[in-house]
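Asker: Fit chain B to the given chain A structure using the hints.
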Amino acid sequence: MTHSLSTHSLHDLSVHDLALALKNKQVSAVEAAGHFLVRSSAHANLGTYVALNEATTLAQAQAADQRIAQGSAGTLEGVPIAHKDIFVTRDFVTTAGSRMLKGYRSPFDATVVAKLASAGVVTLGKLNCDEFAMGSSNENSAIAPVGCDTVTPVRNPWNIERIPGGSSGGSAAAVAARLAPAATGTDTGGSIRQPAAFCGITGIKPTYGRASRYGMVAFASSLDQAGPMARSAQDCALLLSSLCGPDLDRDSTSLDMPAEDYSRNLNDSIEGLRIGVPQEFFGEGLSDDVRASVEAALKQYEQLGAKLVPIQLPRTELSIPVYYIIAPAEASSNLSRFDGVKFGHRAAQYTDLADMYKKTRAEGFGDEVKRRIMIGAYVLSHGYYDAYYLQAQKIRRMIADDFQNAFKQCDVIAGPVAPTVAWKLGEKSDDPVANYLADIFTLPASLAGLPGMSIPVGFSQAAQDKGMPIGMQLIGNYFGEARLLNAAHRFQQATDFHSAKPAGY
Amino acid sequence: MARSARFTIGFNSFCSMSLTSSDIARIANLARLDLAPAESERILTQMNDFFSIVEAMRAVDTTGLEPMAHPVAAIQDVALRLREDVVSEPNQREANQRSAPAVEHGLFLVPKVIE
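Residue numbers (the numbering used here), protein chains in the order written: chain A, 18 to 522; chain B, -19 to 95.
Excised from the complex, chain A in its bound form (with noise of 0.2 Å):
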């Protein structure tokens, strides 16, 4: 075996790269895999990591050793990654960021955990997400970081007084920090796009049905899909080919349609693409430092080629309430499951069955999950359904068709992933309707189960947000991946606002 790469900058490779450098041995598994750990306890203080147990990481690292050495490495053999604490893993413990779920063992893999494993991917650990994926901060979790006694937020590594965004706030704040090559995260109404545009890195969302919902903690079915978080729409592009695919005996929404391979497409020509710019994206709530940046990004895309077509998304601000209906409606029905019998918490003090049930997820839930239940409980039942929920629906099929409308004049849609930079921890916890606001960007794509990613293409220069990331939401047609990561790849080639790093790691 030839060691000629220094191990001491491995973190800054990208997976694309380490997947190499593996293949080719010239650094090994094991090495890779404990280098991350090794900066994973030095940068504890993020409160990135939930889950660790170096044992295991390191005895699926020698076995992708093994595989290389004998010549049946897969395609990401070796390239050690962590997982959303959303998907349950058999060999970390799984609690979606939830009190009820506290020390909970699954006895099988999240069918995309299985899936990357079986492309050679090594387990890192499980990534600290807001309480069974509802929030836009993190700060909603209700587990303790590995490292760290107490629950404490995790914290954005561009400004550690700021939240990393969420649900997949400790996906994106570990590849933003360089704690892991890339991450898993999970997007019901912006959870992967959003916190990766506050922490300067690439995320996408593939079409509903794209990825396996199995084995990942339900928020609400008809929304939840699976995607990856990296440093690039390359990285992207090569982990989303080994985690999408149908699952058909155990998914009932997955999509029987065969897993592609997302990389084929990144260096085509990008001349002539029709960029679609929806009016209503850049109304009066958009920050000016966020336009700036996208607007910058936008001229950008026309020197490479691509053409600016003024579009409508009528339905824009409506999605909130429709989001907000629609999503506690599922939520509330998915989290029923939680009674303190079968799995979970339990009260340990009680009248009866009733008492327990209630006792028991007073107890396990937190604020949001609860006003959450507590919402969807309400609109679902007798005599509120039609009016909310059915009516939630229909409006989820005229914001659809207005996708469907734009996709006659475009290609791509484009547009700020969020109207802010990443705000200060604590700023809005006390008020959960301004931080629903804040997800108007991404819920119409989200309700249409359209692809999204998120794209760094600045940083702030507002005095009292400089130097925050600043991301641009790219949305595609349905099965439309390949040509969203091809014209995130080629913006790409010809900036460098995704090398970025914050500095101090």
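FYI, nobody ran anything at the bench for these hints, they're computed from the structure. Careful: at least some of the hints might be erroneous.
Taking lysine to aspartate or glutamate and the EDC-like style, the derived pairs with C-alpha atoms no more than 16 Å apart in a straight line are [to be verified]:
#, chain 1, residue 1, chain 2, residue 2
1, A, K445, B, D29
2, A, K376, B, E19
3, A, K132, A, D305
4, A, K483, A, D305
5, A, K411, B, E19
6, A, K40, A, E94
Chain A residues, not near chain B, derived (Cβ > 12 Å throughout) [what the hints assert, rightly or not]:
#, residue
7, Q87
8, G120
9, A159
10, S238
11, S239
12, E277
13, I412
What you are looking at is a predicted structure, and each value in this text was computed from that prediction instead of being measured. Even for Gly, the Cβ is constructed at its ideal location relative to N, Cα and C.
Answerer: What follows is chain B alone, placed relative to chain A:
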């Protein structure tokens, strides 16, 4: 039907329809959540705040539209599959019960239901 009367007033006025503390108690019971009084108060305020942004949705004319459950149904028919009702998983009783709060002789224990 005092409730539905208040409901209608809520729609016609521009202020949000207001839930009351008895609504919160009813919903909390449906959701099997034991809420402390202060928590109920807070949730009441927050839910009323939330429903003020839901009002805009109610004015939309959706006559004749089918509710959309699977998003990809926007462009193609999506049939939800049923699989054969046969055993497909191995027996993992111990692993499945490993995270249960109370187990005895391989059975999940619950408080006495029938006297």
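Asker: Now look at each hint and say whether the structure bears it out.
Answerer: Hint by hint, here is what the structure shows:
For the proposed pair K445 (chain A) and D29 (chain B), the alpha carbon gap of about 15 Å is at most 16 Å, so the pair holds. In summary, the hint linking K376 (chain A) to E19 (chain B) is supported, as the alpha carbons are separated by about 14 Å, within the 16 Å threshold. For a cut-off of 16 Å, the pair hint linking K132 (chain A) to D305 (chain A) is broken: about 42 Å separates their Cα positions. About 12 Å separates the Cα atoms of K483 (chain A) and D305 (chain A), which keeps this hinted pair within 16 Å; it holds.
As the CA atoms of K411 (chain A) and E19 (chain B) are separated by approximately 33 Å, the hinted pair breaks the 16 Å bound. Restraint check for K40 (chain A) and E94 (chain A): satisfied, since their Cα atoms lie roughly 7 Å apart, inside the 16 Å limit. In this structure Q87 (chain A) is separated from chain B by more than 12 Å, as the shortest Cβ-Cβ distance comes to about 28 Å. At roughly 7 Å, the least C-beta separation between G120 (chain A) and chain B is not larger than 12 Å, which violates its mark as non-interface.
No beta-carbon of chain B comes within 12 Å of the beta-carbon of A159 (chain A); the shortest separation is about 16 Å. The beta carbon of S238 (chain A) sits about 10 Å from the closest Cβ of chain B, which is not more than 12 Å, so the claim that it is off the interface is violated. The claim that S239 (chain A) lies off the interface is violated: its Cβ sits roughly 6 Å from the closest Cβ of chain B, which falls inside the 12 Å cut-off. Distance to chain B confirms E277 (chain A) as a non-interface residue, since its nearest Cβ pair spans about 16 Å, more than 12 Å.
Against chain B, the non-interface label of I412 (chain A) is violated: not every CB pair exceeds 12 Å, the least being about 6 Å.
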